[in-house]
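Participant: Next come the chains, spelled out residue by residue.
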Amino acid sequence: KQEVTQIPAALSVPEGENLVLNCSFTDSAIYNLQWFRQDPGKGLTSLLLIQSSQREQTSGRLNASLDKSSGRSTLYIAASQPGDSATYLCAVRGNYGQNFVFGPGTRLSVLP
Amino acid sequence: EAGVAQSPRYKIIEKRQSVAFWCNPISGHATLYWYQQILGQGPKLLIQFQNNGVVDDSQLPKDRFSAERLKGVDSTLKIQPAKLEDSAVYLCASSLEMGRKNTEAFFGQGTRLTVV
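In order, the protein sequences belong to chains A and L.
Here the first sequence is numbered in our numbering, starting from 8 and rising by one per residue.
Here the second sequence is numbered in our numbering, starting from 4 and rising by one per residue.
For the record, the hints were derived by calculation from the structure and aren't laboratory data.
If you're wondering where the values come from, they're calculated on a predicted model, not measured in any experiment.
Errors might be hidden in some of the hints.
As the list claims (entries may be wrong) - Quick list of in silico lysine-lysine cross-link-like pairs, PhoX-like style, CA-CA up to 25 Å:
| id | chain 1 | residue 1 | chain 2 | residue 2 |
| --- | --- | --- | --- | --- |
| 1 | L | Lys14 | L | Lys47 |
| 2 | A | Lys75 | A | Lys8 |
| 3 | L | Lys14 | A | Lys8 |
| 4 | L | Lys86 | L | Lys14 |
| 5 | L | Lys86 | L | Lys18 |
| 6 | L | Lys47 | L | Lys65 |
| 7 | L | Lys81 | A | Lys75 |
| 8 | L | Lys81 | L | Lys14 |
| 9 | L | Lys14 | L | Lys65 |
| 10 | A | Lys75 | L | Lys18 |
| 11 | L | Lys18 | L | Lys47 |
| 12 | L | Lys18 | A | Lys8 |
| 13 | L | Lys18 | L | Lys74 |
| 14 | L | Lys47 | L | Lys81 |
| 15 | L | Lys18 | L | Lys65 |
| 16 | L | Lys18 | L | Lys81 |
| 17 | A | Lys8 | L | Lys74 |
| 18 | L | Lys81 | L | Lys65 |
| 19 | L | Lys65 | L | Lys86 |
| 20 | A | Lys49 | L | Lys81 |
| 21 | L | Lys14 | A | Lys75 |
Said to hold, decoys possible - Listed next, the stretches of chain L that the computed footprint assigns to chain A, with coverage defined by at least 3 CB atoms under 8 Å from CB atoms of chain A:
| id | region |
| --- | --- |
| 22 | 44 to 52 |
| 23 | 83 to 90 |
Cβ coordinates follow ideal geometry from the N, Cα and C atoms, glycine included.
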């Protein structure tokens, strides 16, 4: 059974810092991995999707990497802004099932 | 392109009452998911449809939860009777179809259920 963990659970940084969020999964037989952002009281917004054959994906100030063999993904946020404050969730989709298994999320606060 | 639509946004009911949630996925998306998200946790899959067929409902509490997607488009999720521990956000998501590696999932705004 796939299990997904995220470290840290919460993070508070001053504006302008570069930061890294970590996601680990126990079963490396994944189809793809997706990073989401969730604002309080809102649904999930897709940030980046990494195929199982890819090593990384970039969108603006965001860069996500995937190391399938070690069961890890990182989300790198460059030059953080107060508007980046939200909960960040990673989710993996297995090879033999198409549903996503989510981590518990990292709650990020970027202070002005 | 319109996103995943869910209603209602909020619902407060007493325990043992019934409640229903509605979801309209993105047009053309064959796969539809219902997730339950308890405060402070990541979403947990309740049920997954491919068109109007159930792919995975292994984590759906079938004694009280039911879901249907009759015409392979919109879907309803029902809880009857509700318990206090059902208080959560219910998220609907859709994706283009199973079997495509680059299929991205898109989520609705969710329905926040409070059972008192």
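Participant: Take the hints in turn and mark each one as holding or not.
Facilitator: Structure-based check of all given hints:
Restraint check: the Cα-Cα separation between Lys14 (chain L) and Lys47 (chain L) comes to about 20 Å, which is no more than 25 Å; the hinted pair holds. Taking the CA atoms of Lys75 (chain A) and Lys8 (chain A), the gap is near 16 Å; set against the 25 Å cutoff, the hint holds. For the hint linking Lys14 (chain L) to Lys8 (chain A), the alpha-carbon distance of about 33 Å lies beyond 25 Å, and the restraint is violated. Restraint check for Lys86 (chain L) and Lys14 (chain L): satisfied, since their Cα atoms lie roughly 14 Å apart, inside the 25 Å limit.
Between the alpha carbons of Lys86 (chain L) and Lys18 (chain L) the distance comes to roughly 5 Å, so the proposed pair stays at or under 25 Å and holds. As the CA atoms of Lys47 (chain L) and Lys65 (chain L) are separated by approximately 15 Å, the hinted pair is consistent with the 25 Å bound. Taking the CA atoms of Lys81 (chain L) and Lys75 (chain A), the gap is near 37 Å; set against the 25 Å cutoff, the hint is violated. In summary, the hint linking Lys81 (chain L) to Lys14 (chain L) is supported, as the alpha carbons are separated by about 13 Å, within the 25 Å threshold.
Distance check on the hinted pair: Lys14 (chain L) and Lys65 (chain L) sit about 21 Å apart at the alpha-carbon level, within 25 Å; holds. Only pairs whose Cα atoms come within 25 Å are accepted, and Lys75 (chain A) paired with Lys18 (chain L) is rejected, the gap being roughly 44 Å. Pair hint Lys18 (chain L) plus Lys47 (chain L) holds up; C-alpha atoms about 22 Å apart against a cutoff of 25 Å. Proximity of Lys18 (chain L) to Lys8 (chain A) is assessed by CA-CA distance (about 32 Å); at most 25 Å being required, the pair is judged violated.
Our distance criterion of 25 Å between C-alpha atoms is broken by Lys18 (chain L) and Lys74 (chain L), whose separation comes to about 31 Å. For the hint pairing Lys47 (chain L) with Lys81 (chain L), the CA-to-CA distance comes to about 16 Å; that is within 25 Å, so the pair holds. Simply put, Lys18 (chain L) and Lys65 (chain L) have alpha-carbon atoms about 17 Å apart, close enough for the 25 Å limit, and the pair holds. Of the pairs offered as hints, the one joining Lys18 (chain L) and Lys81 (chain L) holds, with about 14 Å between alpha carbons and a cut-off of 25 Å not exceeded.
For the proposed pair Lys8 (chain A) and Lys74 (chain L), the alpha carbon gap of about 32 Å is over 25 Å, so the pair is violated. Using a Cα cut-off of 25 Å, the hinted pair Lys81 (chain L) and Lys65 (chain L) holds, with the two alpha carbons roughly 10 Å apart. At most 25 Å may separate the alpha-carbon atoms for a hinted pair to count; Lys65 (chain L) and Lys86 (chain L) meet this at roughly 14 Å. Among the hinted pairs, Lys49 (chain A) with Lys81 (chain L) is consistent with the structure: their alpha-carbon atoms are about 21 Å apart, no more than 25 Å.
For the hint linking Lys14 (chain L) to Lys75 (chain A), the alpha-carbon distance of about 40 Å lies beyond 25 Å, and the restraint is violated. Residue count for the region 44 to 52 of chain L with a Cβ under 8 Å from a Cβ of chain A: 6. That meets the three needed, and the coverage hint holds. Three residues within the 8 Å Cβ limit are the bar, and the region 83 to 90 of chain L against chain A gives 0, so the coverage statement is violated.
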